Amino acid sequence: MGLTGNAVGGRLIFEVFRQERKGQAFMHGGSFHAPNREFADAYAREFYARRGESVALWVVPREAIVEIDEFPDEFDLKYRRVDGYSIKARLKEARELAAENATRSRDAFSAKEA
Amino acid sequence: METRTHDFLEFVQAGGQVETGDWMPDEYRARLIKFIEMHGNSELMGVLPERDWILRAPTLQRKLALTAKIQDEVGHCQLIYRVVEDLGKPREACLDDLISGKSKFHNVFHYPTRSWGDVGVIAWLVDAAAIISQKALLKCSYAPYARVMKKVCWEESFHILHGRDTVLAMVTGTPEQFELVQEALLRWWEPLMHFHGTPIPAEEDPMFVWRIKSQANEDARQQFLDGYVPQILELGLELPDPKLRKNEDGIWEYTEPDWDKLMAVVTGHGPASQERLAFRRLSRAEVDWVSRAMLSEAA
Numbered sequence: 001m002g003l004t005g006n007a008v009g010g011r012l013i014f015e016v017f018r019q020e021r022k023g024q025a026f027m028h029g030g031s032f033h034a035p036n037r038e039f040a041d042a043y044a045r046e047f048y049a050r051r052g053e054s055v056a057l058w059v060v061p062r063e064a065i066v067e068i069d070e071f072p073d074e075f076d077l078k079y080r081r082v083d084g085y086s087i088k089a090r091l092k093e094a095r096e097l098a099a100e101n102a103t104r105s106r107d108a109f110s111a112k113e114a
Numbered sequence: 001m002e003t004r005t006h007d008f009l010e011f012v013q014a015g016g017q018v019e020t021g022d023w024m025p026d027e028y029r030a031r032l033i034k035f036i037e038m039h040g041n042s043e044l045m046g047v048l049p050e051r052d053w054i055l056r057a058p059t060l061q062r063k064l065a066l067t068a069k070i071q072d073e074v075g076h077c078q079l080i081y082r083v084v085e086d087l088g089k090p091r092e093a094c095l096d097d098l099i100s101g102k103s104k105f106h107n108v109f110h111y112p113t114r115s116w117g118d119v120g121v122i123a124w125l126v127d128a129a130a131i132i133s134q135k136a137l138l139k140c141s142y143a144p145y146a147r148v149m150k151k152v153c154w155e156e157s158f159h160i161l162h163g164r165d166t167v168l169a170m171v172t173g174t175p176e177q178f179e180l181v182q183e184a185l186l187r188w189w190e191p192l193m194h195f196h197g198t199p200i201p202a203e204e205d206p207m208f209v210w211r212i213k214s215q216a217n218e219d220a221r222q223q224f225l226d227g228y229v230p231q232i233l234e235l236g237l238e239l240p241d242p243k244l245r246k247n248e249d250g251i252w253e254y255t256e257p258d259w260d261k262l263m264a265v266v267t268g269h270g271p272a273s274q275e276r277l278a279f280r281r282l283s284r285a286e287v288d289w290v291s292r293a294m295l296s297e298a299a
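If you read the protein sequences in the order shown, they are chains X and D. Numbered per the working numbering, the first sequence finishes at 114, counting up by one with no gaps. Numbered per the working numbering, the second sequence finishes at 299, counting up by one with no gaps.
Hints are computed from structural coordinates only; laboratory data are not their basis. Treat each hint with caution, since some may be false.
Heads up, simulated EDC-like pairs for lysine to aspartate or glutamate below, C-alpha to C-alpha not over 20 Å straight-line [claimed, not checked]:
{"#": "1", "chain 1": "D", "residue 1": "Lys151", "chain 2": "X", "residue 2": "Glu20"}
{"#": "2", "chain 1": "D", "residue 1": "Lys151", "chain 2": "X", "residue 2": "Glu63"}
{"#": "3", "chain 1": "D", "residue 1": "Lys150", "chain 2": "D", "residue 2": "Asp165"}
{"#": "4", "chain 1": "D", "residue 1": "Lys63", "chain 2": "X", "residue 2": "Glu46"}
{"#": "5", "chain 1": "D", "residue 1": "Lys139", "chain 2": "D", "residue 2": "Glu10"}
{"#": "6", "chain 1": "D", "residue 1": "Lys150", "chain 2": "X", "residue 2": "Glu20"}
{"#": "7", "chain 1": "D", "residue 1": "Lys150", "chain 2": "X", "residue 2": "Glu53"}
{"#": "8", "chain 1": "D", "residue 1": "Lys151", "chain 2": "X", "residue 2": "Glu46"}
{"#": "9", "chain 1": "D", "residue 1": "Lys151", "chain 2": "X", "residue 2": "Glu96"}
{"#": "10", "chain 1": "D", "residue 1": "Lys261", "chain 2": "D", "residue 2": "Glu190"}
{"#": "11", "chain 1": "D", "residue 1": "Lys104", "chain 2": "D", "residue 2": "Glu27"}
{"#": "12", "chain 1": "D", "residue 1": "Lys139", "chain 2": "D", "residue 2": "Asp219"}
{"#": "13", "chain 1": "D", "residue 1": "Lys135", "chain 2": "D", "residue 2": "Glu27"}
{"#": "14", "chain 1": "D", "residue 1": "Lys89", "chain 2": "X", "residue 2": "Glu15"}
{"#": "15", "chain 1": "D", "residue 1": "Lys150", "chain 2": "X", "residue 2": "Glu46"}
{"#": "16", "chain 1": "D", "residue 1": "Lys63", "chain 2": "D", "residue 2": "Asp165"}
{"#": "17", "chain 1": "D", "residue 1": "Lys89", "chain 2": "D", "residue 2": "Asp26"}
{"#": "18", "chain 1": "D", "residue 1": "Lys104", "chain 2": "D", "residue 2": "Glu275"}
{"#": "19", "chain 1": "D", "residue 1": "Lys34", "chain 2": "D", "residue 2": "Asp205"}
{"#": "20", "chain 1": "D", "residue 1": "Lys150", "chain 2": "X", "residue 2": "Glu15"}
It should be emphasised that the depicted structure is a prediction, and the values quoted were computed from it without experimental measurement.
The following block holds chain D by itself, in its conformation from the complex (with noise of 0.2 Å):
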């Protein structure tokens, strides 16, 4: 390894930080991109999913919640954009990318949407989730990212009250409505355990080594379950792992979840892949004359 890059790695293992205009390794640079582009893709798809509910939210207040919730999102996926157009991949060719299926998106928004029951559980886990991975960004070495992320959990933060609110009304309401929870949940449960990833460990990861991430995939997916299983189980809710269970050392015990599947799901082979990216290439082709118009009117 050359020195520089030798030194480069020291520094960020010793909780060193980088800036924009800092010298840093084509690995790292590389890595960043792919994995903070990934992190805009995500943000942008994932308001596919919740966009269907706008208009068969059931209160007027669900529905501002949740258009809010959107432009949360969507404001995240503008953010995170801009950080990796500094490292040198413009908006465009991210754009280009995620809608040719050639970059990724998370793998909970590669699924359908089939009752409010999945509103509320997305709104509370696939966020709950996500909050634990955003968090430990916050810690990343490259600081104009982790400066991002802090309003990005500030405001998840809300996402997950509002999903749990949700959640909370349909399960002390009608004995259909919990069961709109139930049946979501049950199908949730295993894009939920693929969220954090294969347990590999933290020093075989990259994004560890070069502290893009501050927490190993299992540590993630642990916290998550220690703090989201009893919550779920305490509402009468039912969980379809009958392995699951925190053992004396506390950790958790579960089913391994099948990591082939999850590959094929982020390759663009889940049930809803291919349908949120003809979507976002047809609202892209509908829009793009708003932007040209704003362009030529500003120029």
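Just chain X, same shape as in the assembly (with noise of 0.2 Å):
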């Protein structure tokens, strides 16, 4: 677990996400402590916005987050991603094929004309 300590003297650990743009995903800025959520509330503004560098932030507190930093692939699920498919051999053969009876077809059909 990366996040260990959630209170630190009686003062709580808060970790802020900032936005610099709207439309832009959160991103994690740092932590600070405070005693409560209106000091965070403060703070935040304070450390994370005062020259207009977010136009918005979420404020957490660290114990509210959880981290999940294993993901072991014990079925081998690689058909969810696109590198679990190479298509390139099976590509090669439906073309030749299609080409294949493209030709045939005509030969057919000039067979018939004449």
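Put the complex together from the two separate chains, hints included.
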């Protein structure tokens, strides 16, 4: 677990996520101590937005964050990903087959005309 | 060396980055704490020489700019101590060790300030030297510290401009104003040459070996000289080192600084070391009731 220590000497740790421009993803900015949410709000404004460097902030008590950092793939789930498909050989085969069929039907058509 | 430690070393040397919860060798953690804590201490102690000038700033605009810079530096201290805290050393313990003299802070904050010229020289050149070190930390093997450094570097760039603007105003002012900058620059040159530390080769510097720092001390100093000596000289200011020059290979030559003096300064024997620590002790005692009141209010 990456996030250890939720409170220090009665203070809570808050994590801040900031959005630089409307429409962009929120990125982790850092953390600070605050005795409660009210102070956390004031501190977040001072620390992360006093020069207009953020258009929005998410201020989250560290204890509310759950970190998951292990993703075993025991059942080989690569069919869910683009790298799970190798279409090169099949595509080649399909193109050859299509070309062959086209030639065959043209030949059949010319034979009929004659 | 233990295999796990060896693998870790290879990982960081190949550019790998470590997060708080990842396994790390004890030595690496101890070095991180010591280095980052000293950085935090320096941000906090660094506001004391500037604080003295808030009430003496020559204009309202300068007063506001200086106050904003001080707010930034205290904010950096806060951010950096949080990184130390997540590595296992609480902020209160950092403050205890700072005021008892057990831990160190940067050499440049052990010197007194004598005039408004000092404020310009500090904000321009001390911060320029600092930003060179801090930019090199953007690639630190300890990722949470590297991330914090992004915000720090961004804010430091305002300080350099504020400092340079202050210096420009004075060098284009009266002869007395020019002289204040020149006099401050002569006093600050030695601490500035000490700033990036002894020219220890990168491979012998444990901080580089663990990729906590990504450049050798001498490389940082060369970068500083290359960037700022021309900017200083073009203003008609003089530097106190007759040997200072750029040789044909593009390397700056200079008089070897007194490294024993640097060691003495950072171990608390600088001209303002004890006064600054005494002030920090006093202000910690004075504001103690504020944090206690806030905590009981919140409880």
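Status of each hint after checking the structure:
{"no.": "1", "hint": "D:Lys151 to X:Glu20", "result": "13 Å, holds"}
{"no.": "2", "hint": "D:Lys151 to X:Glu63", "result": "24 Å, violated"}
{"no.": "3", "hint": "D:Lys150 to D:Asp165", "result": "23 Å, violated"}
{"no.": "4", "hint": "D:Lys63 to X:Glu46", "result": "19 Å, holds"}
{"no.": "5", "hint": "D:Lys139 to D:Glu10", "result": "16 Å, holds"}
{"no.": "6", "hint": "D:Lys150 to X:Glu20", "result": "14 Å, holds"}
{"no.": "7", "hint": "D:Lys150 to X:Glu53", "result": "13 Å, holds"}
{"no.": "8", "hint": "D:Lys151 to X:Glu46", "result": "13 Å, holds"}
{"no.": "9", "hint": "D:Lys151 to X:Glu96", "result": "58 Å, violated"}
{"no.": "10", "hint": "D:Lys261 to D:Glu190", "result": "10 Å, holds"}
{"no.": "11", "hint": "D:Lys104 to D:Glu27", "result": "19 Å, holds"}
{"no.": "12", "hint": "D:Lys139 to D:Asp219", "result": "15 Å, holds"}
{"no.": "13", "hint": "D:Lys135 to D:Glu27", "result": "24 Å, violated"}
{"no.": "14", "hint": "D:Lys89 to X:Glu15", "result": "19 Å, holds"}
{"no.": "15", "hint": "D:Lys150 to X:Glu46", "result": "17 Å, holds"}
{"no.": "16", "hint": "D:Lys63 to D:Asp165", "result": "14 Å, holds"}
{"no.": "17", "hint": "D:Lys89 to D:Asp26", "result": "14 Å, holds"}
{"no.": "18", "hint": "D:Lys104 to D:Glu275", "result": "15 Å, holds"}
{"no.": "19", "hint": "D:Lys34 to D:Asp205", "result": "15 Å, holds"}
{"no.": "20", "hint": "D:Lys150 to X:Glu15", "result": "16 Å, holds"}
In this structure, the hints that do not hold are numbers 2, 3, 9, 13, in rising order.
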